[in-house]
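> If you want the building blocks of each chain, they are given just below.
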Amino acid sequence: MRFNPESAHPANAGLNIARDKLELVKQKFGDQLTYSDLWSLAGVVAVQETV
Amino acid sequence: MKWRPGRSDAISSTECTPDGRLPDASQGEKHVRDIFYRMGFTDAEIVALIGAHGNFLCRSNLYYPYRPRTLP
Chain Z
137 MRFNPESAHP
147 ANAGLNIARD
157 KLELVKQKFG
167 DQLTYSDLWS
177 LAGVVAVQET
187 V
Chain G
636 MKWRPGRSDA
646 ISSTECTPDG
656 RLPDASQGEK
666 HVRDIFYRMG
676 FTDAEIVALI
686 GAHGNFLCRS
696 NLYYPYRPRT
706 LP
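The listed protein sequences derive, respectively, from chains Z and G.
Going by the working numbering, the letters in the first sequence line up with residues 137 to 187, in that order.
Going by the working numbering, the letters in the second sequence line up with residues 636 to 707, in that order.
This is chain Z alone, in the form it adopts within the complex:
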């Protein structure tokens, strides 16, 4: 999802906003988890916080 063509696919429009916000977390903790872990964890947290 970080790379073209997937990141620019119209079905993924707007996800760059979330990726950019999570990039701040990745810069702070990047050596402790991968992008894959970070994004999947963000999804889990989002569901937990809204349910």
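Because the hints were derived from the structure by calculation, they are not lab data.
One should not assume that every hint holds.
Straight-line Cα separation of at most 27 Å, DSSO-like style, residue types lysine-lysine; simulated pairs [what the hints assert, rightly or not]:
hint	chain 1	residue 1	chain 2	residue 2
1	Z	K162	G	K637
2	Z	K157	G	K637
3	G	K637	Z	K164
Got chain Z; can you put chain G on it based on the hints?
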């Protein structure tokens, strides 16, 4: 909710799966099961995934922009 770490990242775009491989509902349940059983889904999980996506599409402004937004 359970979450486990340990996923690895792709190195470049060459590792991305190509477009056009989404499941095709017109091919029936055997096709859908072939795809999702291969990923380890149970029937209940397949239904939950498809139901959630259908629910979103019914509510999405992108797909149905002229749907009434408030209850009558």
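> Which hint numbers doesn't this structure obey?
No numbers; nothing is violated.
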